[in-house]
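Protein chains: 2
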Amino acid sequence: MAEVMAPAPRAPKEPRNGVNTPVLLATINAVKETPSLARFRFRATNRWKEGTYSETVVEAFDGAGGEHAHQTQFRYGADHPAVLVGNDRGPTPIEFLLHGLAACITAGIGNIAAARGVNLTSVESRVEGDIDLRGILGISDEVRNGYENIRITFDIAGDAPPEKLRQIVEQSKARSAVFDVLTNGVPVDVTVNVR
Amino acid sequence: MAEVMAPAPRAPKEPRNGVNTPVLLATINAVKETPSLARFRFRATNRWKEGTYSETVVEAFDGAGGEHAHQTQFRYGADHPAVLVGNDRGPTPIEFLLHGLAACITAGIGNIAAARGVNLTSVESRVEGDIDLRGILGISDEVRNGYENIRITFDIAGDAPPEKLRQIVEQSKARSAVFDVLTNGVPVDVTVNVR
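Here the protein sequences come in this chain order: W and F. The numbering of the first sequence is the numbering used here, which starts it at 1 and goes up by one. The numbering of the second sequence is the numbering used here, which starts it at 196 and goes up by one.
If we strip away everything but chain W, and leave its shape as in the complex, we get (with noise of 0.2 Å):
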């Protein structure tokens, strides 16, 4: 999900990379003239299993006007490993963010790409987050729970001048969801219902 309006007069028309790049147009021109059909709820349930292992669902969200079910009904489980005495039957919480960072960035590329008149060859990227667990092990106050820092890199190819290679990245930065969540932060409020 990315700004891909720019440059707008010279957008294609054809599908390219994968992406309906008429339809992606035409849906953000639709946006244009119903403000309100940008409003989207996302949503996700959680159960704990036990110990440090949970399982997440995604299956529906709220958009466009209406709510739409996903083809599928996503399931996720999360736990911490062994070296933090769980039992390893997912990644941790924290490295779902790095999921969504890079997928988000990499998304806007194929939008962004397409609108453009790029054809992509690979997209590929790596991520880390530097953690010291003192903060949520709770043996520190001056170390914070989450990562310190985050750092990606991208490895892009397609038919353009690298320039306009490293522009795409930049442009699908400057647009991405999860990198703006993840820089900047979103107040999160917590309710607790004792059953």
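A portion of the hints provided could be inaccurate.
To be verified - Here are the simulated BS3-like pairs of lysine-lysine, each with C-alpha atoms no more than 30 Å apart in a straight line:
1. W:K49 / W:K164
2. F:K359 / W:K49
3. F:K359 / F:K227
4. W:K164 / F:K244
To be verified - Per the computed footprint, the stretches of chain F lying under chain W, defined by three or more beta-carbons under 8 Å from a beta-carbon of chain W, are:
5. 251-262
6. 382-389
Claimed, not checked - Distance ranges between label pairs, derived from CB positions:
7. F:R242 / W:V57: 33 to 43 Å
8. W:K32 / F:N314: 22 to 32 Å
9. W:D130 / F:E254: 17 to 27 Å
10. F:D354 / W:D141: 37 to 47 Å
11. W:T191 / F:R236: 14 to 24 Å
12. W:E148 / F:A255: 17 to 27 Å
13. W:G18 / F:A255: 23 to 33 Å
14. F:R242 / W:D159: 10 to 20 Å
15. W:K164 / F:E365: 28 to 38 Å
It is worth saying that the hints were derived from the structure and are not from the lab. Positions of the beta carbon are idealized from the N, C-alpha and C atoms, including for glycine.
Could you slot chain F onto chain W? The hints should help.
This is chain F only, laid out in the frame that chain W set:
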């Protein structure tokens, strides 16, 4: 991953909730003595497939003074849904942030309850995030790219008074790595190599 030390003097020594409490407390003590053990680096690699679809592999991380392979190579896809001109082969990248948040606080609840001698019966959560896609679609510069807000509601049951169960959730939130990253943000560096 969460603060499990309070109230340490009365922390029970037996496994509980599927948490090996003695090993967990011993791990915390080991990190207290050798703080460098607390330095972790989590990693993921992502590969673009087509359109807005990409796949991420999570298989190893550094921490506690060495490299660790996960017991399984975890692989996750992410895509845009049909209403956003994708093929819905996976959740959207930002839905994975909701999974990470719910799973992180839930893992902490398991650990903290065990450390405090509470047997949990069930922990379920519903999490949702509101987003106005005019940001990422480049339609309005006054709309942010990411979630405007996230809400998570926990239903918890166990063999403790309501207030004690409530405090366990609060303590997990206070020491959650994902809650910290989402609410406070983290620096993200993006590097681009053209192949």
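Going through the hints against the structure:
1. W:K49 / W:K164: Violated - the C-alpha atoms of W:K164 and W:K49 are around 48 Å apart, more than 30 Å.
2. F:K359 / W:K49: It holds: about 20 Å lies between the C-alpha atoms, which stays within 30 Å.
3. F:K359 / F:K227: holds, 27 Å
4. W:K164 / F:K244: holds, 20 Å
5. 251-262: holds (count 5)
6. 382-389: Holds, because 8 residues of the segment 382-389 of chain F bring their Cβ atoms closer than 8 Å to Cβ atoms of chain W.
7. F:R242 / W:V57: 33 to 43 Å: Cβ of F:R242 to Cβ of W:V57: about 25 Å, so the range 33 to 43 Å is violated.
8. W:K32 / F:N314: 22 to 32 Å: violated, 55 Å
9. W:D130 / F:E254: 17 to 27 Å: For W:D130 and F:E254 the Cβ distance comes to about 18 Å; the hint holds.
10. F:D354 / W:D141: 37 to 47 Å: violated, 31 Å
11. W:T191 / F:R236: 14 to 24 Å: Roughly 33 Å apart at Cβ, these two residues miss the hinted range, so it is violated.
12. W:E148 / F:A255: 17 to 27 Å: holds, 20 Å
13. W:G18 / F:A255: 23 to 33 Å: Since W:G18 and F:A255 have Cβ atoms about 30 Å apart, the given range 23 to 33 Å holds.
14. F:R242 / W:D159: 10 to 20 Å: At roughly 19 Å between Cβ atoms, W:D159 and F:R242 fall inside 10 to 20 Å, so the hint holds.
15. W:K164 / F:E365: 28 to 38 Å: violated, 50 Å
Going through the hint list in order, the structure does not satisfy hints 1, 7, 8, 10, 11 and 15.
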